[in-house]
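*Asks:* Residue numbers (the working numbering), protein chains in the order written: chain A, 1 to 402; chain B, 1001 to 1118; chain C, 2001 to 2312.
Among the clues, some could well be false.
[Said to hold, decoys possible] Only pairs whose alpha carbons sit at most 30 Å apart, straight line, appear in this in silico DSSO-like list of lysine-lysine:
(1) C:K2193 with B:K1117
(2) C:K2268 with C:K2244
(3) A:K52 with C:K2268
(4) A:K238 with A:K310
(5) C:K2253 with B:K1070
(6) C:K2268 with B:K1070
(7) B:K1065 with C:K2012
(8) B:K1070 with C:K2193
(9) A:K62 with C:K2244
(10) C:K2163 with C:K2198
(11) A:K62 with C:K2163
Derived by calculation from the structure, the hints in this document are not laboratory data.
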Amino acid sequence: MSKSDRTYMRGNQAAAEAARLARIEFMGAYPIPPSSEIMESIRTFIMEGRLKAGFIEADGEKSAQMACFAAVCSGCRTFNATSAQGLLYMHESLPMMVGNRMPMVMIVGNRSVFAPHGMLNDQTDSIMQRDTGWLQLYCETVQEILDTVIQGYKIVENPAVKIPLMVCADGYWLTHSLENITLPTQKQVDAFLPPYRPGETDYISPGGLSLFTSFGLMDNWFSEFKYQERAAISNALKVIEEVDAEFASYFGRSYSGLLDAYRTEGAEVVIVGMGSIMATVRYAVDIMRSAGRKVGMVKIRSFRPFPQEKLLSVIGASKARMLVVLEKTHFGALFDEVRSALYDLDDHPRIMGYGVGLNGRNVEPYNIIDLFEQAFVHSGKASLPKGSRLYFIRTKDKGVGG
Amino acid sequence: MAEIKVVRKFDEVVDMVRKRQYSYHWRPQYVEDLAEGPRCCACMGVPASEGADFIMKGYGVTIVKEKCVKCGACWVYCPLGVVREAEDGYFEIDHEYCRPCGICAHECPAGAIEFNKG
Amino acid sequence: MQKRFREIFQVKDELMLAGGRSCIGCGGGILTRMALKAVGRNTLLSSGSCGTNTTGMFPVGAMSTLPVPVSILGGAGAALSGMEVAARTKGLEDANILGILGDGDAGDIGFGNLSGCFERGHKVIVIVQDNQGYAATGGQRSGTTQIKAWTRSTPEGKSRPPKYLPLIMLAHDAPYVATCSVAYPEDIFAKVKKATRKENQPAFIHCITPCPTNWKNEPSMSVEVARQAVTCGIWPLWEYERGKFTRTRVPGKPTPIEDYVRLQGRFKHVTEEDVEEMRSYIKSLNEKIDRFLYAYSENLDSGAESNKKRRA
């Protein structure tokens, strides 16, 4: 393997570098903290000649995404970056990209959604888009952001998939945090990721064929189109795993595909979650295990498509009594997904969910350890009422924090 | 370049957990947060006077009463409205909220405001 | 007390309190304070992105004197329309409905909403706090960014001149359109006072508010920058009131564009050709204003009339 650079980089910079290495051909973006820096960096790369790409400094996120739509239509490898309110503002354009089977990668710098006017990290924004059909991969570290963007283009441009992808990175915790990473060389990335070659029917050109978005489609074929879309999203389950394995063979780093089960063998309590919080959980698991407590964690990398079968097999193998689902939303999306995924497990564990770290509230290893302890107290007992939805929002408590 | 700070050794922490000696305030950092450099201290949400101490140490504006001609320029041009009317029609600055920008000093036609830059 | 400030000084009520979180030397603070003095307490306010900086950060409330429902970016025009109709329904017709929008909100992301609001003719006052960029998100370019200006998303300098919003809103048949500058607060006060008259609404006031953070000027020179913008001609002051057009006269002599450029770090990279381009932009802008307003006004019988009143 050829030498690549070890360097320090923030999440935003890593995302921009990854897009540059992936040789994107177009970016249409509107600035919004925490992800504005990505657009600024790409713009600077273009000015410096390090990247040849078209760029539109759009007048709004809706315009930005529709510009990206047009670029993908024309066969460009396209990139976008937004957060929170911007993502919500372009919500209308998101299902369009999916229904038209248009591959692109978008970074979402996860940030909380108004109201109240918070501007710090939260996963609400991208989780609110879970039904649009976009694939969603959640990153735990800055290195993962960089690698996921590069893997991302390979996933979405696969003919069996052709569904756009959101690479979700926690705002400020990852986008603005400095990390020691390995920056691959252009040559390495070129070897792994060939240029975007859309199929004959996948883009428009003068004189070419292909029809996009037939207007006024009545009932007759709508279901069939949606069926194809769902099939493609299911295909992504396999493709995500394959691309990750291939990436590992080229670069020596792997993210375990759809989910990462850490020390779940023989665990009595398992925490399930996504994003940078899992790095804190990893640390807490190590502490607890070293103190003799049997705990583990499952980091969900691919939220869409949700890895139901894999989660089923991992939890089944661990024989855990209690699952604690952590997420940075206040409505329990991941909690419901996990419960629904484990429905078919004969001897399924009890499941509790917590909304933590809302609007950037720091979740410290101490808080995770406290959650583990709470889980131990409740697991196996009938202390939790049946029939109630065991989802809680952590608020500031005496000496416990949230 | 930035250093990775380790607050406590791993074994130490394990020991604390075994003994149930939790301390709310320890926070081992495995990645260091880098502040881009606040664009302006105000955005960090610190009260103005605290922010001024933090970043603009020693900055200050003072109205020299003897030179003041009571024209009202400082009162009108202050972006925060911290210049208040004092007795006899003179003006005074509320230093609790003044975030010394120096506009009043520049606009004063009599040169009666001193702008110290620490 | 200087004669020009006497009228403002009569208004002792401070609607914009200290404790806001605007940057040091923010021009927007001066604009907001003067505008609020002109409208008074009987006002509902909607503010924009950098405008929310003057309202302070929870739990500090620097604008707790007025009701300020903060809407999403781009929704200001619609929010103002809604407030106006609701106020009428509740019998509060005489309340001022004021919006202090950013240039990005009014000119780019919220332009559609603003256009709709003016097309429907709601009785609102829209003041645009033009810091020529998306200042609140870090200083990326907006439609009204000055030609040749460095921004975070045009690092080589913006190649095209700004979108000229006042004339666009005039084309919506707005009864009152004016431009002003924070260097002349008496002018802001007078113009906003005129805008509070119901026959002058929907009113549109476009004010240049220097942003030291993104224009990279000395914070203490913000007002000087705003002054030179007017005296060098790149920010002409004028007023259109129900068929009558006047250019606002300001004291002092015309100044060269080079002085204006030299004050701001965002023009650090500017070459002699760029300055020449800016000079020709100033010329064409002023000609365009005269031609447009000649078409709209009843008090101009020939181009020569407006030439007499032209500044610089």
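*Asks:* Would you mind marking each hint as holding or not holding in the structure?
*Replies:* Evaluation of the provided hints:
Among the hinted pairs, K2193 (chain C) with K1117 (chain B) is inconsistent with the structure: their alpha-carbon atoms are about 38 Å apart, more than 30 Å. Proposed proximity of K2268 (chain C) and K2244 (chain C) is contradicted: the alpha carbons are some 40 Å apart, above 30 Å. For the given pair, K52 (chain A) sits about 26 Å from K2268 (chain C) by alpha-carbon distance, which is consistent with the 30 Å threshold. Distance hint between K238 (chain A) and K310 (chain A) is fulfilled; the C-alpha atoms sit about 11 Å from each other, no more than 30 Å.
Proximity of K2253 (chain C) to K1070 (chain B) is assessed by CA-CA distance (about 25 Å); at most 30 Å being required, the pair is judged to hold. The suggested pairing of K2268 (chain C) with K1070 (chain B) is violated, with an alpha-carbon distance near 37 Å, which exceeds 30 Å. As the CA atoms of K1065 (chain B) and K2012 (chain C) are separated by approximately 22 Å, the hinted pair is consistent with the 30 Å bound. Taking the CA atoms of K1070 (chain B) and K2193 (chain C), the gap is near 25 Å; set against the 30 Å cutoff, the hint holds.
Distance check on the hinted pair: K62 (chain A) and K2244 (chain C) sit about 38 Å apart at the alpha-carbon level, beyond 30 Å; violated. Note on K2163 (chain C) and K2198 (chain C): the hinted pairing holds, with a Cα-Cα distance of about 28 Å set against a maximum of 30 Å. At roughly 20 Å between alpha-carbon atoms, K62 (chain A) and K2163 (chain C) fall within 30 Å of each other, so this suggested pair holds.
Of the hints listed earlier, those the structure fails to meet are numbers 1, 2, 6 and 9, in rising order.
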